[in-house]
Amino acid sequence: GDSVTQMEGPVTLSEEAFLTINCTYTATGYPSLFWYVQYPGEGLQLLLKATKADDKGSNKGFEATYRKETTSFHLEKGSVQVSDSAVYFCALSANTGNQFYFGTGTSLTVIP
Amino acid sequence: DTAVSQTPKYLVTQMGNDKSIKCEQNLGHDTMYWYKQDSKKFLKIMFSYNNKELIINETVPNRFSPKSPDKAHLNLHINSLELGDSAVYFCASSQVSGSWDEQFFGPGTRLTVL
Chain C
15 GDSVTQMEGP VTLSEEAFLT INCTYTATGY PSLFWYVQYP GEGLQLLLKA TKADDKGSNK
75 GFEATYRKET TSFHLEKGSV QVSDSAVYFC ALSANTGNQF YFGTGTSLTV IP
Chain P
2 DTAVSQTPKY LVTQMGNDKS IKCEQNLGHD TMYWYKQDSK KFLKIMFSYN NKELIINETV
62 PNRFSPKSPD KAHLNLHINS LELGDSAVYF CASSQVSGSW DEQFFGPGTR LTVL
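Here the protein sequences come in this chain order: C and P. To get our numbering, take the position in the first sequence, counting from 1, and add 14. To get our numbering, take the position in the second sequence, counting from 1, and add 1.
Rather than coming from a laboratory, the hints here were simulated on the basis of the structure. Any given hint could be a false lead.
[Stated by the list, open to error] Computed footprint of chain P on chain C, listed as stretches where at least three residues anywhere in the stretch have a Cβ under 8 Å from a Cβ of chain P:
#1 52 to 64
#2 117 to 125
[Unchecked claim] For each label pair, taking beta carbons as the anchor points, the in silico distance ranges come out as:
#3 T19/C x D19/P: 36 to 42 Å
#4 G29/P x E22/C: 34 to 40 Å
#5 A67/C x L115/P: 48 to 54 Å
[To be verified] Residues on chain P that point at chain C, a partial pick, calculated with CB under 10 Å:
#6 Q7
#7 Y34
#8 Y36
#9 K41
#10 L44
#11 K45
#12 I46
#13 S49
#14 I57
#15 V89
#16 F91
#17 C92
#18 S95
#19 Q104
#20 F105
#21 F106
Virtual Cβ for every residue (Gly too), placed ideally from N, Cα, C.
Generate coordinates for the entire structure from the input sequences, incorporating the hints supplied.
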């Protein structure tokens with residue numbers, strides 16, 4: 015079945031460091047891919063998404079490219095800030111559109 | 002305006018009690034969901050409703066019963082609460098328009114069973 019495998023955390027970085035959080039997926043057909051962010055004490059918010067191969071989603075300095083050949087959707091940011099400290103979830107939406115598959119989440123802490 | 006709202010935000014109760022969590026969305030979406038997030042942040046879907054009809058029911062004890070009075074509301078009723086039910090419960094909604102749907106989440110309800 016469809017699934018998402020996400021890099022395990024926690025991840026701790028210094029401010030202005032480069033961030034990569036790996037995400038790979040298994041799916042039949044052509045799913046849509048998402049990154050959600052959960053700040054402490056809050057619900058999940060959509061960070062970015064890509065709906066077809068080679069699409070690049072971007073928002074708030076974060077980017078991820080939908081790579082069909084490697085079935086990956088890695089999240090990157092060139093220079094993290096303390097305010098980026100959160101839990102990041104990779105997610106996949108199956109072709110049926112009714113089912114989401116979330117990764118296990120990666121906790122990021124950015125220290126000044 | 003809050004897009005997806007849940008009440009209560011915190012719920013502390015004794016084992017064996019029955020409790021309900023309410024969810025409302027004002028986005029005009031057709032589909033609503035309940036998720037359970039455990040202490041390790043693992044997010045697991047419990048139920049999904051489309052236009053008041055159940056479409057996903059994962060392996061969840063039958064003590065959990067969702068109720069959708071209309072497509073803007075999806076409430077979760079839990080009977081005979083157990084210690085293992087302690088978690089954060091998130092409601093979400095999406096428009097069923099294809100595989101590019103994104104889900105909009107509520108702020109969560111932290112349930113603590115003593």
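Notebook entry, point to check: Regarding the hint that Q104/P lies at the interface with chain C, is the smallest CB-CB distance below 10 Å?
Noted result: For Q104/P, the interface hint holds, since the closest Cβ of chain C sits about 6 Å away, which is under 10 Å.
Item checked: Hint validity - F106/P Cβ closer than 10 Å to any chain C Cβ -> 4 Å, holds
Notebook entry, point to check: Measuring from the C-beta of K41/P to each C-beta in chain C, is the shortest one below 10 Å?
Noted result: 8 Å, holds
Item checked: Agreement of hint C92/P with chain C interface, Cβ distance less than 10 Å -> With a closest approach of 9 Å, the C92/P hint holds.
Item checked: Distance restraint evaluation - G29/P, E22/C, Cβ atoms, bounds 34 to 40 Å -> Holds, since G29/P and E22/C (Cβ atoms, about 38 Å apart) stay within the stated range.
Check: Taking the closest Cβ pair, is K45/P under 10 Å from chain C?
Finding: 8 Å, holds
Margin query: Verify the CB-CB distance for A67/C and L115/P against the hinted window 48 to 54 Å.
Written below: 50 Å, holds
Item checked: Closest C-beta approach of S95/P to chain C relative to 10 Å, hint status -> Given a least distance of 8 Å, the restraint on S95/P holds.
Check: Is the shortest C-beta separation between L44/P and chain C less than 10 Å?
Finding: Given a least distance of 5 Å, the restraint on L44/P holds.
Item checked: Given hint F105/P near chain C, where the shortest CB pair must fall under 10 Å -> Given a least distance of 8 Å, the restraint on F105/P holds.
Note to self: Interface hint check: Y36/P, Cβ to nearest Cβ on chain C, cutoff 10 Å. Holds or violated?
What the structure shows: Holds: closest Cβ of chain C sits about 8 Å from Y36/P, inside 10 Å.
Next item on the list: So, S49/P near chain C? Judge it on the closest CB pair being under 10 Å.
Entry: 6 Å, holds
Consistency with the previously given hints is maintained throughout, with no hint failing.
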